[in-house]
Amino acid sequence: LNTLLEDLLRNLMGTDEIGAKGLQQAFLDRVEPTLLRFAMSQCSGNRVKAAELLGIHRGTLRERLKYYQLDDN
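In the numbering used here, the protein residues as written are 2 to 74.
If you are wondering where the hints come from, they were derived from the structure by calculation, not from laboratory data.
You may find that some hints are simply not true.
As the list claims (entries may be wrong) - Label-pair distances were calculated between CB atoms; the ranges are: (1) His58 with Thr4: 29 to 39 angstroms; (2) Gln70 with Leu24: 20 to 30 angstroms; (3) Gln70 with Ile19: 16 to 26 angstroms; (4) Arg11 with Val49: 32 to 42 angstroms; (5) Tyr68 with Ser42: 10 to 20 angstroms.
Source: prediction; values computed, not measured.
The beta-carbon is built from N, C-alpha and C at its ideal position, and this holds for glycine as well.
With the hints as constraints, model all of the structure from the sequences given.
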């Protein structure tokens, strides 16, 4: 897994995706939507349970879903 993540980081370094947001946000923009979808799927769409699974506040989950346009509301 570490090798896959390092490869992704190296690939990002060679793109314009980093721009002003920086490497960390470019990386998160690539992996966080998948993480959020997985958590929501594992919790049958229950946001409270998904937030608990992720270890974040449900308001943060709501904001992240909206940021990545994964919010059904």
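Do the hints match the structure? See the list:
no.: 1; hint: His58 with Thr4: 29 to 39 angstroms; in the structure: holds (32 angstroms)
no.: 2; hint: Gln70 with Leu24: 20 to 30 angstroms; in the structure: holds (22 angstroms)
no.: 3; hint: Gln70 with Ile19: 16 to 26 angstroms; in the structure: holds (21 angstroms)
no.: 4; hint: Arg11 with Val49: 32 to 42 angstroms; in the structure: holds (37 angstroms)
no.: 5; hint: Tyr68 with Ser42: 10 to 20 angstroms; in the structure: holds (18 angstroms)
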